[in-house]
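Chemist: Residue numbers (the working numbering), protein chains in the order written: chain A, 1 to 544; chain B, 1 to 527.
Derived from the structure by calculation, the hints contain no laboratory data.
We put the CB at the ideal spot given by N, CA and C, even for glycine.
There's no promise every hint is true.
So these bits of chain B aren't anywhere near chain A, every CB distance computed over 10 angstroms [what the hints assert, rightly or not]: (1) N37; (2) S50; (3) A60; (4) I71; (5) E154; (6) G173; (7) D340; (8) A500.
Computed Cβ-Cβ distance ranges for the label pairs, DEER-style [stated by the list, open to error]: (9) A/P282 x B/D444: 34 to 42 angstroms; (10) A/K240 x B/S217: 53 to 61 angstroms; (11) A/H316 x B/S66: 33 to 41 angstroms; (12) B/S72 x A/H316: 28 to 36 angstroms; (13) B/S288 x A/D442: 49 to 57 angstroms; (14) B/E78 x A/Q188: 54 to 62 angstroms; (15) A/A69 x B/S288: 46 to 54 angstroms; (16) A/V384 x B/L364: 25 to 33 angstroms; (17) A/V384 x B/K104: 52 to 60 angstroms; (18) A/S232 x B/S72: 41 to 49 angstroms.
With a cut-off of at most 30 angstroms between alpha-carbon atoms, the simulated DSS-like pairs for lysine-lysine come out as follows [unchecked claim]: (19) A/K488 x A/K467; (20) A/K330 x B/K237; (21) B/K112 x A/K240; (22) B/K237 x B/K292.
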Amino acid sequence: MKAAAILPFLAVLSGILCAQVPAAKPGSVEGTVANSTTGEPVKKATVTLQAAALSNTAEPATITALTDASGHFHFDNVPPGAYFTFADRDGFVAANGPRHRLPEITVAEEQHVQDVAIKLTPLGVVSGHVLDEDGDPLVRARIIVLKYFYSAAGKRLRQVGFAQTNDLGEFEVLNLPPARYYFQAAPQPPRNIPPHTRWARPEEAYPATFYPNARDVKETTGADVAPGAHLSNIDFRLRKMPAYHIRGTVIGGTGGDRGTGQVAVQTPEANFGTAAVGQVQPDGSFDVRGVVSGSYEVSYQHFGPAAPRYSSQSVHVADADVNAVVLAQKPEVNVSGTVAVEGEQPEQFGLQIYFSTLKGIYRAGNHPVGADGAFAITGAPAEVSQLQIGNVPAGKYVKSIHFGDRDLKNGQIDLTNGAGASLNIVLGADGGEVDGYVENSDGQPTAAAQVILAPAEEYEARSDLLKQSVSDPSGNFRIKDVAPGEYKVFAWQSNAEDAIQSAEFRKPFESKSAAVTVGPKEKASVQLSLITDSDIEKERSKLP
Amino acid sequence: MISLLIAALALLAQQLPAQPPAQATTAVEGRVINSLNGEAVPKVTVILRSRDQEHQPSYADETDGSGHFSISDMEAGEYAVLAERPGFITQPPGATGAPPPSVKVEKGQQVKDVTIRLTPLGAITGRVLDADGDPVRDAQVEALVYGYRNGKKELREVEQVQSGDNGNFRLFGLRPGTFYLKATHDLGIPGQRVAATYYPGAADQSRAAPVVVSAGSQLQGFDIRLQPAAAYSVRFKTPEGFQVEGFYNAFLAPEQGPRPPEAAEFSHEGVVFPAVPPGSYEAVITTSAGGKKIYAIQQIEVVNADVDGGTLTFLPGVEVAGSVRVEGGAFPDLARLQIDLQSEHEILVAETQTAEVNPDGSFLAKDVPPLTYQLAINRVPGVYLKSVRMGDKQLADRRIDLASKLEPLIIVLGADEGEVEGSVQNAQGDPVVRARVNVIAYGDHSDRGDFNRFGFSDGKGEFNIKNVPPGEYKVFAWEDVPVGAPQDPEFRKPFEKQAASIKMQPNGHQKVQLTAISASQVRQAQE
């Protein structure tokens with residue numbers, strides 16, 4: 001896990017800057033980088049000045065400097081202009097979110113800009129042990145770090161980190177931003193157990209266990225990692241349980257792809273970790289060992305070219321082996337339809353259409369829409385999924401989605417029994433506009449607030465209708481191409497979490513939102529009061 | 001890296017005479033001990049692996065607190081004996097890579113006192129520090145050993161860990177041997193770039209200090225001081241009006257040395273490799289246009305400044321068509337064959353371009369990057385690649401430059417492979433079991449590494465190696481030898497007089513008696 005994102009195109013050459021403005025006399029910039037939690041200086045941070053006004057060269061010109069032992073940095077020979085500043089240091093993250101949106105500074109000719117203060121939030125560290133029932137280390141056990149994420153579909157645990165124990169059973173996870181985390185440990189099962197192996201004693205296995213000691217994450221409270229905290233006691237003591245087999249057959253496909261695949265046994269709805277895996281033999285049979293009692297989703301995965309999809313099966317393991325599980329190749333659904341643009345001849349463009357299901361997102365997008373507006377999508381999942389439409393051209397919005405004569409207001413499409421109807425999407429050109437102003441509790445205009453325009457409840461799952469903007473230095477924002485309808489508008493201090501995209505998450509803050517109704521080609525204005533990070537903190541107990 | 005704990009083990013079975021009662025159970029039992037101190041090792045998975053896994057079960061048990069395992073109610077037969085516990089390996093006598101020793105049990109027989117010896121693995125701990133001695137967290141630390149690949153000796157990684165919050169690392173699971181440590185740390189932040197640094201603090205591999213790990217040793221204090229690196233950006237522009245479409249991949253293939261670690265960055269304007277050490281490179285950039293893969297290949301030289309590589313010229317992939325012809329015998333099942341186009345570029349070797357052969361012998365590879373390739377076939381017993389022709393011209397080294405004008409290829413296969421059998425003895429004339437036997441091509445075919453074959457001697461010291469193409473060979477037998485080393489001409493040179501020379505005739509059969517090259521001779525030669 002690397003905290004520092006890969007930086008976009010940086011030219012570490014002040015020469016580029018000088019060359020642009022030969023006449024102006026340069027100024028200088030100095031300041032400090034400090035730990036936002038302790039106030040201590042951060043040494044060896046890389047500070048970047050990035051020209052705010054883009055010249056006609058494609059890349060923003062940048063200069064970098066390192067901080068010294070007292071956290072101090074200085075740039076000489078800075079050409080006059082406006083700059084964004086940011087700092088990077090291993091083990092830290094910019095205090096107010098990702099590295100953009102930091103205060104802009106202006107350097108006049110021969111001006112010495114001083115006291116630029118940059119704060120970095122220290123990232124957390126978690127360490128512990130994974131031991132067996134006797135206190136012996138479990139070597140190369142895997143630890144998955146999980147965190148709740150929010151989306152239009154609600155909150156879900158997602159893996160954000162990974163570690164492995166060493167020969168002493170120790171593990172350590174670096175670079176955790178402040179949040180509540182959940183930890184799951186699972187030991188490495190013995191390898192190289194041939195098929196049809198008989199055991200001299202009843203088989204046992206260690207179940208995947210959530211910290212501190214539960215098989216179901218809902219029975220645990222996780223652990224809060226504060227900025228810069230080091231939690232060193234995430235210790236697991238795993239206990240063996242009776243283990244069983246899940247056996248069956250993969251049907252369909254070719255011998256070639258069967259030979260390369262494996263069957264994964266997973267906790268239902270968990271998109272992280274696997275309870276057990278087994279190889280699929282060339283005849284399609286599989287035998288997954290080491291499964292403890294519980295309910296599972298059994299699925300076939302293979303990595304050959306153009307993998308056909310296979311159905312998964314729900315399997316409950318009580319106190320015996322489960323045999324004769326059949327995983328059949330799933331029929332693929334081909335969906336055809338049209339995209340019409342109201343009031344205009346359709347132009348050539350690539351609309352992205354995604355089908356997201358509980359088990360993941362199948363992209364079936366980027367289909368060029370022909371001059372007649374027709375498209376054909378192959379390989380859509382044969383289940384109920386959420387349709388997401390992306391890459392809507394500027395000046396347009398998705399006005400309606402019809403599947404046959406059904407109006408898919410919320411974008412949910414049922415392909416369980418195949419397509420059987422045409423998917424017709426209408427883009428409207430008569431979108432409205434919402435503009436407004438964000439202020440804080442002191443009535444001051446607030447820059448860099450994250451503005452969310454959220455559609456009414458019946459359209460909640462439509463990501464294309466949820467619009468985002470950022471307030472400018474005078475607190476203003478503007479959102480265009482808004483589908484006519486009712487909305488609630490929120491302004492958030494930070495976008496450190498994706499939570500603000502979730503209706504469930506936003507609910508307790510509705511009193512701080514502004515309701516707005518947008519008509520075709522109309523302009524609506526709202527005034528928003530900022531929802532601060534401490535407001536979120538206050539509501540934390542009520543949040544999902 | 002994961003050290004696989006398969007493999008073989010020290011097995012001393014004292015087979016007691018068969019017990020007469022007819023109802024007696026068929027059983028194998030024994031004990032697992034630590035080869036260093038003779039102590040019992042509990043929690044070891046002991047596997048008796050069937051020779052015919054489809055029709056005969058395998059058996060398993062876990063050792064108890066006194067290291068015992070006991071498997072009863074077995075089917076009679078011969079089973080490979082495997083033992084697995086993280087932190088240990090089995091090191092049975094015999095050559096590395098040889099099949100595991102086996103135990104044979106008759107119906108109603110109880111084989112007792114099977115002793116399996118496990119060797120504990122070692123660990124190296126230390127810290128990664130920067131030039132000022134401050135700890136560097138999240139650095140990648142690798143344990144490297146010398147090994148052989150394609151007949152060349154090179155350092156390769158066997159274990160890898162990340163340094164922790166205090167720059168500390170613990171490399172574990174290390175087999176007894178000589179290691180080199182390497183640390184790298186790159187956050188993609190300008191001004192914080194470091195070179196790959198070898199313990200104790202050398203950017204140059206030749207100045208890396210060896211670290212000797214004996215069985216179960218826990219070595220401490222191996223601090224690595226990272227060296228600042230010189231690295232420059234290399235950028236290319238995409239042609240005017242060029243639309244990036246779907247799949248897009250770019251890498252720099254160095255003339256020598258490792259590939260720059262950082263991934264390329266893409267934008268609408270082009271491709272940037274942000275941190276490239278000085279050297280000569282070939283940039284290979286793949287994208288697609290109109291649903292077809294297209295490639296740009298450009299030479300660049302990084303000296304002491306950022307490089308502007310100019311505008312990329314994209315070329316379409318090439319179609320390589322041809323047919324397969326079999327000589328010297330019949331090979332009915334042509335559809336089992338595939339033609340591999342192997343590039344010298346490391347990354348492309350990983351995704352070697354292949355073409356399936358149709359039942360009529362024809363093949364067609366589409367969208368192949370226009371580079372130089374060597375042609376090969378997949379290993380299918382019964383045929384070998386004799387030569388490659390384009391029109392009337394024989395391709396030297398079976399090498400083809402796809403940027404030049406192409407005609408259909410004719411791949412000539414031989415179906416007249418022979419067989420070598422024999423026995424391996426030591427200097428005292430006793431049979432050597434589990435010895436590695438290498439059949440190495442010499443004479444006209446000394447460049448044909450794909451003609452080399454290997455096998456192992458069995459419990460009686462005998463071996464049988466099939467599918468040897470006609471030609472001259474030397475046959476070597478080794479008590480133990482690093483895997484891959486016999487393919488290195490320099491390595492095997494001093495041992496050539498101990499090898500048997502043979503000339504394999506089409507469909508021939510050769511019998512040789514070999515004297516094993518001892519493990520101590522191999523060790524001496526390596527020092």
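Chemist: Now look at each hint and say whether the structure bears it out.
Modeler: Evaluation of the provided hints:
1. N37: holds (17 angstroms)
2. S50: violated (7 angstroms)
3. A60: Nearest chain A Cβ is 5 angstroms from B/A60, so the label is violated.
4. I71: At about 5 angstroms from chain A, B/I71 fails to clear the 10 angstroms cut-off, so the statement is violated.
5. E154: Its Cβ never comes within 10 angstroms of chain A, the nearest being 26 angstroms, so this holds.
6. G173: For B/G173, whose nearest Cβ neighbour in chain A is about 6 angstroms away, the distance does not exceed 10 angstroms, so it is violated.
7. D340: holds (16 angstroms)
8. A500: Non-interface label on B/A500 holds, nearest chain A Cβ at 35 angstroms vs cutoff 10 angstroms.
9. A/P282 x B/D444: 34 to 42 angstroms: Roughly 39 angstroms apart at Cβ, these two residues keep to the hinted range, so it holds.
10. A/K240 x B/S217: 53 to 61 angstroms: Given about 31 angstroms between the Cβ atoms, the range is violated.
11. A/H316 x B/S66: 33 to 41 angstroms: holds (38 angstroms)
12. B/S72 x A/H316: 28 to 36 angstroms: This hint holds: roughly 33 angstroms between Cβ atoms.
13. B/S288 x A/D442: 49 to 57 angstroms: Given range 49 to 57 angstroms: holds, Cβ gap about 54 angstroms.
14. B/E78 x A/Q188: 54 to 62 angstroms: 29 angstroms Cβ-Cβ, so the 54 to 62 angstroms window is violated.
15. A/A69 x B/S288: 46 to 54 angstroms: Holds, since A/A69 and B/S288 (Cβ atoms, about 50 angstroms apart) stay within the stated range.
16. A/V384 x B/L364: 25 to 33 angstroms: Once the Cβ atoms are compared, 42 angstroms apart, the range 25 to 33 angstroms for B/L364 and A/V384 is violated.
17. A/V384 x B/K104: 52 to 60 angstroms: holds (58 angstroms)
18. A/S232 x B/S72: 41 to 49 angstroms: Given a distance of about 47 angstroms, which is inside 41 to 49 angstroms, the answer is holds.
19. A/K488 x A/K467: holds (11 angstroms)
20. A/K330 x B/K237: With a Cα-Cα distance of about 43 angstroms, the restraint between A/K330 and B/K237 is violated, given a limit of 30 angstroms.
21. B/K112 x A/K240: Status holds; Cα separation ~29 angstroms.
22. B/K237 x B/K292: holds (20 angstroms)
Checked against the numbered hints given earlier, this structure breaks hints 2, 3, 4, 6, 10, 14, 16, 20; the rest are met.
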